[in-house]
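> Going down the list, the sequences are from chains A and B. No gaps in the numbering here: position 120 of the first sequence is 120 in the numbering used here, and each next residue is one more. No gaps in the numbering here: position 166 of the second sequence is 1166 in the numbering used here, and each next residue is one more.
Source of the hints: derived by calculation from the structure; they are not laboratory data. Nothing here was measured: the structure is a model prediction, and the numbers come from that model. We put the CB at the ideal spot given by N, CA and C, even for glycine. Mixed in with the good hints, there may be bad ones.
[To be verified] What follows is a set of in silico ranges between Cβ atoms, one per label pair, in the way DEER data are often shown:
{"no.": "1", "chain 1": "B", "residue 1": "R1120", "chain 2": "A", "residue 2": "E3", "range": "30 to 38 Å"}
{"no.": "2", "chain 1": "B", "residue 1": "D1124", "chain 2": "A", "residue 2": "D15", "range": "54 to 62 Å"}
{"no.": "3", "chain 1": "B", "residue 1": "D1119", "chain 2": "A", "residue 2": "E140", "range": "38 to 46 Å"}
{"no.": "4", "chain 1": "A", "residue 1": "R102", "chain 2": "B", "residue 2": "K1174", "range": "28 to 36 Å"}
{"no.": "5", "chain 1": "B", "residue 1": "E1242", "chain 2": "A", "residue 2": "K9", "range": "35 to 43 Å"}
{"no.": "6", "chain 1": "A", "residue 1": "D104", "chain 2": "B", "residue 2": "R1039", "range": "54 to 62 Å"}
{"no.": "7", "chain 1": "B", "residue 1": "R1066", "chain 2": "A", "residue 2": "R134", "range": "16 to 24 Å"}
{"no.": "8", "chain 1": "B", "residue 1": "G1160", "chain 2": "A", "residue 2": "K9", "range": "30 to 38 Å"}
{"no.": "9", "chain 1": "B", "residue 1": "P1140", "chain 2": "A", "residue 2": "K111", "range": "45 to 53 Å"}
{"no.": "10", "chain 1": "B", "residue 1": "P1140", "chain 2": "A", "residue 2": "G153", "range": "36 to 44 Å"}
{"no.": "11", "chain 1": "B", "residue 1": "E1242", "chain 2": "A", "residue 2": "D104", "range": "26 to 34 Å"}
{"no.": "12", "chain 1": "B", "residue 1": "D1012", "chain 2": "A", "residue 2": "E107", "range": "55 to 63 Å"}
[Unchecked claim] With a straight-line Cα cutoff of 20 Å, these simulated SDA-like cross-link-like pairs (lysine to any residue) come out:
{"no.": "13", "chain 1": "A", "residue 1": "K129", "chain 2": "B", "residue 2": "N1167"}
{"no.": "14", "chain 1": "A", "residue 1": "K129", "chain 2": "B", "residue 2": "R1067"}
{"no.": "15", "chain 1": "A", "residue 1": "K21", "chain 2": "B", "residue 2": "L1093"}
{"no.": "16", "chain 1": "A", "residue 1": "K129", "chain 2": "B", "residue 2": "R1030"}
{"no.": "17", "chain 1": "A", "residue 1": "K129", "chain 2": "B", "residue 2": "S1068"}
{"no.": "18", "chain 1": "A", "residue 1": "K21", "chain 2": "B", "residue 2": "V1271"}
{"no.": "19", "chain 1": "B", "residue 1": "K1061", "chain 2": "A", "residue 2": "L43"}
{"no.": "20", "chain 1": "A", "residue 1": "K77", "chain 2": "B", "residue 2": "L1057"}
{"no.": "21", "chain 1": "A", "residue 1": "K21", "chain 2": "B", "residue 2": "S1068"}
{"no.": "22", "chain 1": "A", "residue 1": "K129", "chain 2": "B", "residue 2": "G1160"}
{"no.": "23", "chain 1": "A", "residue 1": "K129", "chain 2": "B", "residue 2": "A1064"}
{"no.": "24", "chain 1": "A", "residue 1": "K129", "chain 2": "B", "residue 2": "K1174"}
{"no.": "25", "chain 1": "A", "residue 1": "K129", "chain 2": "B", "residue 2": "W1051"}
{"no.": "26", "chain 1": "A", "residue 1": "K77", "chain 2": "B", "residue 2": "A1166"}
{"no.": "27", "chain 1": "A", "residue 1": "K77", "chain 2": "B", "residue 2": "N1167"}
{"no.": "28", "chain 1": "A", "residue 1": "K129", "chain 2": "B", "residue 2": "E1242"}
{"no.": "29", "chain 1": "A", "residue 1": "K77", "chain 2": "B", "residue 2": "K1174"}
{"no.": "30", "chain 1": "A", "residue 1": "K27", "chain 2": "A", "residue 2": "A108"}
{"no.": "31", "chain 1": "B", "residue 1": "K1174", "chain 2": "B", "residue 2": "G1160"}
{"no.": "32", "chain 1": "A", "residue 1": "K21", "chain 2": "B", "residue 2": "R1050"}
{"no.": "33", "chain 1": "A", "residue 1": "K38", "chain 2": "B", "residue 2": "E1127"}
{"no.": "34", "chain 1": "A", "residue 1": "K77", "chain 2": "A", "residue 2": "I53"}
{"no.": "35", "chain 1": "B", "residue 1": "K1061", "chain 2": "B", "residue 2": "D1012"}
{"no.": "36", "chain 1": "B", "residue 1": "K1061", "chain 2": "A", "residue 2": "A108"}
{"no.": "37", "chain 1": "A", "residue 1": "K21", "chain 2": "B", "residue 2": "E1058"}
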Amino acid sequence: MVEIRTPIKSEVVADLRVGDKISIFGKIYTGRDMALPKLVRLLGDGSAEAMGIELDGSVIFHTAVSPAGVGPTSSNKAEIEGSMPALSAAGVRLHLGKGSLRQDTVEALAKHGSIYVVIPPVTALLEGKTLSRRVVLFGEDGMEAMYELEVAGYPAIVAAAHGESIYR
Amino acid sequence: MSDMAGKRSEYDSVVRKVADALIRASSSFRVDQIEAYRRVIASEENPSARWALETLLENAKAAAERRSPLCDDTGIPHLILEAGQGRSLEGWLFAAMQEGVALGLRELPGRPMAVAGDDRARVDQSEGMFEDPSEVEPAPIMVLPADGDTLRLHVLMQGGGPEIRANTYRVFHKNSAEAVVDEIVSWAVESVTLLGCTPSPLAIGIGRSHFEASSLMLQAMALGDFGKQSPLEKDITDRVNESGIGPLGLGGSHSVLATFLKVGPQRASGVRIVCMRPCCCMEPRVGRAEF
């Protein structure tokens, strides 16, 4: 199990391989169907940084955040998978979700030095590893808002890195 | 106790039992489900797959201890009521079941995912969500005949991922059950690949209409047992497992944990209506209450 701390340096990502088990520590962002396309639009007009979002070396966890907890949603939904290349270009190093990705997405991530990591849908376990949560953007979207979480030891496994994928 | 007080007490008892059934469904694996996980962990040779299965079982233990959700997608409540010939169903019972669902969702707590607004806004989600988890209304209640004095409620919590991947469609059987099974296996391999939350129990209904096939699929989920698999169910499980998708799609020999199949009456026709739902690795999330 490799311990990964945010912000993640490029060389850390370069050393990870498909099938590596990792444990994630530090501040991470969340975003799913509603938030990620909106975030990509903000990046387009240069206003994300002005809103206090620091994407360089970041992790984005594809999850809702609610009193029920957190857990991965399918990353291959059009709104999420379609946002991943632009977010990788903006500095997101680790996309955390579940489900297979298309090969063109896997290659786009590799081009920008990002990887895709699968986290099991283990909400009860994650509850004990989530130290804090706060809304950072799109609060009007309720559970689909973009949050910053402070996490200690989220378990995950590398599913796509450097153009290779665990999915056939 | 007056009649009115007695009725009130009976009403409150139903509300409590339904809330408890909903919380049990959402926060614990059944005994047959735990045994199924232990069996596949013992035989899984892919280390990534075994890690995923062990983590899922560890999560079930943590959820049961905390009485907290197994998964943050706490699901849409679906209720099946089995009513024996010796029981009468009065309107208050349905009101109490609805209230029990709302209480269970508040106590769990459920995910606040009821969409606000008029028809258009509920479709495009343009007016946001309600903050109260109890605003998530149950689907229409299904009532089935049963024997004797039975009055039993099954509370199912249906996650969103499997709903994206489920399919209800006509299959031309060509006078061969194998042709229908081939189609089911083909759908299952495609959908289980995309599901992400595997190993999946497959729930399947075969009926005469889309409504009937979906109803049979839901009954199969409510009544299926991981330890009791018919030869046909086992055949479907084995064939999908040959795909090698594995737990969380990480590869391995256990993409499907079991198959729950219910075949209803059929129409004299060349067509069967098949509903196939690739349930997620937490499902079936079913809690039962006896009244």
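> For this structure, which hints from the list above don't hold up?
1, 2, 3, 6, 13, 15, 16, 18, 19, 20, 21, 22, 24, 28, 29, 30, 31, 34, 35 and 36
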